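> Here's the letter readout for the chains.
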Amino acid sequence: MLDKEGIAKRIAKEIKDGYYVNLGIGIPTLVANYIPEGINVVLQSENGLLGMGPFPFEGEEDADLINAGKQTITTLPGSSIFDSAMSFGMIRSQKVDLTILGAMEVSENGDIANWKIPGKMVKGMGGAMDLVASAKNIIVAMQHINKHGESKLLPNCTLPLTGIKCIKKIVTELAVLDILPEGGFKLLERAPGVTVEFIQQSTLGKLIVEGEIPEMKLD
Amino acid sequence: MLDKEGIAKRIAKEIKDGYYVNLGIGIPTLVANYIPEGINVVLQSENGLLGMGPFPFEGEEDADLINAGKQTITTLPGSSIFDSAMSFGMIRSQKVDLTILGAMEVSENGDIANWKIPGKMVKGMGGAMDLVASAKNIIVAMQHINKHGESKLLPNCTLPLTGIKCIKKIVTELAVLDILPEGGFKLLERAPGVTVEFIQQSTLGKLIVEGEIPEMKLD
Amino acid sequence: MINKVVSNAEEAIRDIVDGVTIMLGGFGLCGIPENCINALVKKKIKNITCISNNAGVDDFGIGLLLKQHQVKKMISSYVGENAEFERQLLSGELEVELIPQGTLATRCMAAGYGMPAIFTPAGVGTEVAEGKEIRNFDGKDYLLEYAFNADFALVKAWKGDTAGNLIFRSTSRNFNPVMAMAGKITIAEVEELVEAGALNPDHIHTPGIYVHRIFQGENYEKRIEQVTVRKRD
Amino acid sequence: MINKVVSNAEEAIRDIVDGVTIMLGGFGLCGIPENCINALVKKKIKNITCISNNAGVDDFGIGLLLKQHQVKKMISSYVGENAEFERQLLSGELEVELIPQGTLATRCMAAGYGMPAIFTPAGVGTEVAEGKEIRNFDGKDYLLEYAFNADFALVKAWKGDTAGNLIFRSTSRNFNPVMAMAGKITIAEVEELVEAGALNPDHIHTPGIYVHRIFQGENYEKRIEQVTVRKRD
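Chains as they are written, first to last, in our numbering: chain A, 1 to 219; chain B, 1 to 219; chain C, 1 to 233; chain D, 1 to 233.
Isolated chain A, as found in the complex (with noise of 0.2 Å):
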């Protein structure tokens, strides 16, 4: 079973050279500390900034530049700033090559349910209902299962929707899973040591097994 940083760590080997990514709040800013040697990546923050780099040194933040989770960070040679419009703007154009977000809930036609839970302070869906909508590449990194130890994996979402048909491929503690065109979670990989009976029975919707499915490999 993985932990955070190996769902980050997994997500990070989807990463392909020249690929400008997205990535959202939670185990997904973590991916940025895996991507290997060698793949030249452009990170973009969607509040306005294409070539985001790493933390500041203690005492050099600058409070004109933060990142969509509102943390200090620093910028690399060859970014760039830009308006938010310019910034959406990227993104619907599918400019943007992969988006990596968090998940409460993926149903098995790739609906997503990430914003909002009837009953809690709702706090807005800021850019993920752009990003979900619009991005050619979306790879989801979630739990399989929730605090309740119920499946997060669904037939249906049960939860208010962030957007409908776009989750390509999801990444958890127990698995890789493709999302079909035609429906149905594909079983992919397997966490060191979980058995595809355990994937199995952790998993409400549809589930794909087809063949020997391989352990995935993390270096």
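Please keep in mind that the hints were generated in silico from the structure rather than gathered at the bench.
All of these numbers come straight from a predicted model, not from anything done at the bench.
The C-beta atom is built at its ideal place from N, Cα and C for all residues, glycine as well.
Computed far set for chain D versus chain A, every beta-carbon distance over 10 Å:
1. 38
2. 44
3. 49
4. 69
5. 88
6. 89
7. 135
8. 139
9. 159
10. 227
11. 231
20 Å max Cα-Cα, derived EDC-like pairs, lysine to aspartate or glutamate:
12. 184/D with 97/A
13. 120/B with 81/D
14. 123/A with 81/C
15. 116/A with 127/C
16. 159/D with 64/B
17. 116/A with 86/C
18. 116/B with 81/D
19. 46/D with 58/D
20. 159/C with 202/D
21. 165/A with 141/C
22. 120/A with 150/A
23. 120/B with 93/D
24. 136/B with 138/D
25. 168/A with 141/C
26. 165/B with 130/D
27. 120/B with 84/D
28. 43/D with 15/D
29. 136/A with 151/D
30. 231/C with 58/A
31. 159/D with 62/B
32. 116/A with 95/C
33. 136/A with 138/C
34. 46/C with 58/C
35. 168/B with 178/B
36. 222/D with 58/B
37. 136/B with 151/C
38. 231/C with 60/A
39. 222/C with 61/A
40. 123/A with 84/C
Chain A is fixed; fit chains B, C and D onto it per the hints.
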């Protein structure tokens, strides 16, 4: 009767302090020379400039700095440069206070034709259709009568239209006229030495003459 | 050149009255018009409809307006970090309309570009789409979203000149340029106000035609919401 | 950072073939991609659909493509200054579609902003509106105009960096940034190519994400269409 400079001079009196103004090619360009002292005006050139200045001194032409008529120009202190989308964005959103342009024909309901003559080589509308469709205030600088002695102020335009119901005011070699919201050319002023009768004969569209019509004051 | 300078925030907001719709630039606390917000707090303008991506924190930014119950309605994409906000929302004192961030930005830009409406796929199939027109282009569904105008847009820039031209610094640009275009009256506060001609025309982000009043702000706190740093090796 | 550099115009246009749709930046002769045009002339690419505000003059700019009968169709707003153009048009060798200048610019921008269509009042009531959908917003009629995509967009900037970021100089900006956003493949030629990091991120007009290939051009003529000057007093 006014010459071209006279028409430009009379139109310049319509410009108020604090106006952003777009000047078309031809007589409208001359208007810039007659803007009264103390009136602060910013000229917009729709290829992407606010704050257009006079022609450069000989030898100081800059190939990268031209106006919408493709003439070399200069910028004034406080000018700004922008792309073509923003340029027409500020035109469409009516941030430009006044547009002055030429016309082949204007109709009594405010239609304008100024881009195409059937049977002749069509050069294109350039930005004219955008300007007339969007501007909150348009003044046409034109000859009252064409070279065949025919009126260019008509009940209906005969040439292909550039825009409909958009012209508010016309200044010709003979007169200043408003186009009323309900239709009709309302005569406001006569050019020096021109009679109301002559203006009537020169206007094929509905001319509205009420009371005494004063002679223009140009200085 | 047309001079847009006013002496301070009080003069800039002189005609803002109860019940107006105000856009406020900034993302989180980054690039917010601190001086204008403080002037609104001091003047106790009430029943504001506030269009802003976020709602500030309890004791800074729009949070200061919320504390005095000056805001009737917030139109935002994310309103997370504010306990007083949550209390007013749950008690029904405050209306909130949540809009996807890109939709919010693009609706402002649409106003500045004279486009009455735009199409965006954001929110299709979700509660955001309820009651909205859906249109399919090339096999993909889009929502029709209307341009956003506001009575006043209050924005913060780094540098500005007397003609109203604005230059933003780093990611404090965010919503400021698009909101500057969407105000019936746009008020810009800047860290440094210079004479017309002192700025390179090629560097200007917001042309002065979109700005009605400009002043040099003072005492910028520029609070950081989340200081994240790395240690030196 | 992702490196977008190619060595020259020939390499940049290596996969442009007969029959493609190409956007060409520039207004008149100002800010046109001279090196790319010359490479297209040399390579004798045929049957080009050319989206460009203007059509050059007889012996410069797009006029060079016209002279060799490389252009099948021009989509422009104004095609005045070109005798060979006129001859081909009247003889039926050349198709022309005329579009209002603002509509042309905004349709390019729409592509770059992922908006499938936009509304503009330009052309309502004229022959431009024929066959187009008209929609009324707040009492005013607008045409629905579709986003413009091109197989290739060829643009010219003043400075660029290896990551593809572009800075334009003065009014040579014009259509270049909006077309840069609308190319399936966007090729930028620049007067000066610098290392990533040499440009101030706040000064960049076109972020590198929109640019696929960049090279430093050579032998810029930068011809002036109409030299207008005043005498020194």
